[in-house]
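Chemist: Sequence:
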Amino acid sequence: MNRIILIIVLTFFSEFLFAQSPGDTILLNTFTYSQNKGSGVKDTVINFPNLPSVNYEKIFMLYNMRCKNALVSNSSNRNLGCGEWDYSCNTYIIDSSKTDSVKAKSPTHVIKGFVGNSYPYTFQPTYNYYQFIQKHVLHNTIINEYDTMIGTGLHQLNAPFQSSKSMAKSQFLWKASELINAGITAGNISSIKIRINNVGTTANYLRIKIKSTNDTILSALTPHLSGFTEVYFANTILINGQNEFNFYNNFNWNGTDNIIIEFSFENNNSSSDAIVAADSMNIKLGLISEGNDYSLEFTGSNFLQLGSSNFSNFSNQISISFWSNGNANLLPTNTTVAYATNANNDRQINIHLPWSNSNIYFDCGSGGTSDRINKIAN
Numbered sequence: 018m019n020r021i022i023l024i025i026v027l028t029f030f031s032e033f034l035f036a037q038s039p040g041d042t043i044l045l046n047t048f049t050y051s052q053n054k055g056s057g058v059k060d061t062v063i064n065f066p067n068l069p070s071v072n073y074e075k076i077f078m079l080y081n082m083r084c085k086n087a088l089v090s091n092s093s094n095r096n097l098g099c100g101e102w103d104y105s106c107n108t109y110i111i112d113s114s115k116t117d118s119v120k121a122k123s124p125t126h127v128i129k130g131f132v133g134n135s136y137p138y139t140f141q142p143t144y145n146y147y148q149f150i151q152k153h154v155l156h157n158t159i160i161n162e163y164d165t166m167i168g169t170g171l172h173q174l175n176a177p178f179q180s181s182k183s184m185a186k187s188q189f190l191w192k193a194s195e196l197i198n199a200g201i202t203a204g205n206i207s208s209i210k211i212r213i214n215n216v217g218t219t220a221n222y223l224r225i226k227i228k229s230t231n232d233t234i235l236s237a238l239t240p241h242l243s244g245f246t247e248v249y250f251a252n253t254i255l256i257n258g259q260n261e262f263n264f265y266n267n268f269n270w271n272g273t274d275n276i277i278i279e280f281s282f283e284n285n286n287s288s289s290d291a292i293v294a295a296d297s298m299n300i301k302l303g304l305i306s307e308g309n310d311y312s313l314e315f316t317g318s319n320f321l322q323l324g325s326s327n328f329s330n331f332s333n334q335i336s337i338s339f340w341s342n343g344n345a346n347l348l349p350t351n352t353t354v355a356y357a358t359n360a361n362n363d364r365q366i367n368i369h370l371p372w373s374n375s376n377i378y379f380d381c382g383s384g385g386t387s388d389r390i391n392k393i394a395n
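The numbering used here puts the sequence shown at residues 18 to 395.
Bear in mind the hints are in silico, worked out from the structure with no lab data behind them.
Please note that the accuracy of each hint is not assured.
Pairwise CB distance ranges (calculated) [said to hold, decoys possible]: (1) L313 <-> T230: 19 to 29 Å; (2) V127 <-> G170: 50 to 60 Å; (3) S207 <-> G170: 19 to 29 Å; (4) F320 <-> I159: 41 to 51 Å; (5) D232 <-> F331: 31 to 41 Å; (6) S329 <-> I197: 40 to 50 Å; (7) G168 <-> N327: 33 to 43 Å; (8) I234 <-> T202: 16 to 26 Å; (9) T246 <-> S135: 46 to 56 Å; (10) F77 <-> S135: 43 to 53 Å; (11) M82 <-> L242: 52 to 62 Å.
Model, not experiment: these values are computed from the prediction.
Positions of the beta carbon are idealized from the N, C-alpha and C atoms, including for glycine.
Let's have the full structure, built from the sequences with the hints guiding it.
Modeler: Below, the structure is given as structure tokens:
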């Protein structure tokens with residue numbers, strides 16, 4: 018059995034004059050070879066030197082290994098000398114009479130952006146109120162108007178007004194050829210009409226946005242997130258029959274590009290879906306996103322790439338919080354729910370929740386090295 022000797026070197030300083038001076042050291046012999054030889058004792062408790070009014074500045078813990086015949090074991094002979102576990106020396110510094118230094122020097126709580134000694138609080142829930150300016154447009158005088166219909170409306174769709182949900186967003190693409198065949202020419206589009214085939218419902222904070230595009234289909238993998246012009250924003254009561262949405266900001270169509278029209282709304286109270294007259298196509302001309310739980314659903318190897326612009330200022334500390342609901346019929350399996358690399362493509366963050374061995378792993382590091390926290394999943 019290998020023997021370990023542990024020497025603790027204590028460097029201290031004092032605010033007062035004692036026999037020792039600042040910068041002096043105390044050598045304390047702990048484990049010895051003879052202590053462990055044949056005794057079976059592999060641990061001990063070493064009392065810290067009790068010197069009143071002396072503050073210890075540094076603690077050096079030094080140890081060496083005694084290998085049989087100064088040899089190191091190998092794969093062929095596991096008992097030749099020192100082995101892979103013989104270097105371990107688990108050391109703990111304990112002082113039950115003291116308060117943890119971090120807790121003693123840190124406040125019980127921190128209020129961001131607040132300076133003072135007294136902070137008001139309430140036992141009642143608080144709310145943030147936001148003011149919006151909505152646009153209700155009435156066309157009193159029409160100098161010249163061309164009204165046309167695109168499609169036949171022989172099918173039905175609950176988008177874009179899925180009022181049974183707390184929020185929803187939909188995008189639909191119309192090709193330039195469809196607009197031209199319907200008789201629409203280049204110029205301002207001032208409103209849009211949609212036929213609803215059921216009783217009235219509500220779409221609060223309804224926004225309609227339009228953009229030009231050369232795309233001929235819509236893809237959920239690369240959705241259009243920018244470049245839209247908002248043309249409509251108002252709390253809207255939808256009725257059975259033809260609903261016209263008058264734009265407060267006309268959209269100028271160039272007569273050659275395809276267009277994407279985006280609808281979005283938020284409802285505090287759900288109601289019934291508005292069933293819209295629609296057409297069925299054999300290509301992807303619509304994207305629909307709806308939900309009440311503000312969540313993303315991933316299946317297989319799906320992922321969401323967040324980019325780097327919002328994370329460029331991260332340095333030595335990071336907190337990650339999220340809620341996840343896994344499929345008990347598929348888990349545990351090899352998963353990664355968060356993965357990040359730096360500019361050198363070194364892995365910075367990797368979270369397995371869980372891995373195939375039911376462990377939850379949180380790896381964080383840089384330069385090819387990382388620290389790991391793991392916990393057995395229940």
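Chemist: It remains to establish, for every hint, whether it holds in the given structure.
Modeler: Do the hints match the structure? See the list:
A C-beta distance of roughly 25 Å is found between L313 and T230, which places it inside the suggested range of 19 to 29 Å. At about 59 Å, the beta-carbon gap between V127 and G170 stays in the expected band of 50 to 60 Å. Here the CB-CB span from S207 to G170 is close to 21 Å, well matched to the stated 19 to 29 Å. For the pair F320 and I159, the supplied restraint of 41 to 51 Å holds, since their beta-carbon distance comes to about 50 Å.
At roughly 34 Å, the beta carbons of D232 and F331 sit within the given window of 31 to 41 Å. Under the hint 40 to 50 Å, the C-beta atoms of S329 and I197, about 46 Å apart, fit the expected range. One distance hint, 33 to 43 Å for the beta-carbon pair G168 and N327, holds here, with the actual separation near 40 Å. Evaluation of the 16 to 26 Å hint for I234 and T202 yields a pass: the beta carbon distance comes to about 25 Å.
A C-beta distance of roughly 49 Å is found between T246 and S135, which places it inside the suggested range of 46 to 56 Å. Remark: the range hint 43 to 53 Å for F77 to S135 is upheld by a beta-carbon distance near 46 Å. Checked against the hint of 52 to 62 Å, the C-beta distance between M82 and L242 comes to roughly 60 Å, which is consistent with it.
Checked against the numbered hints above, the structure violates none of them.
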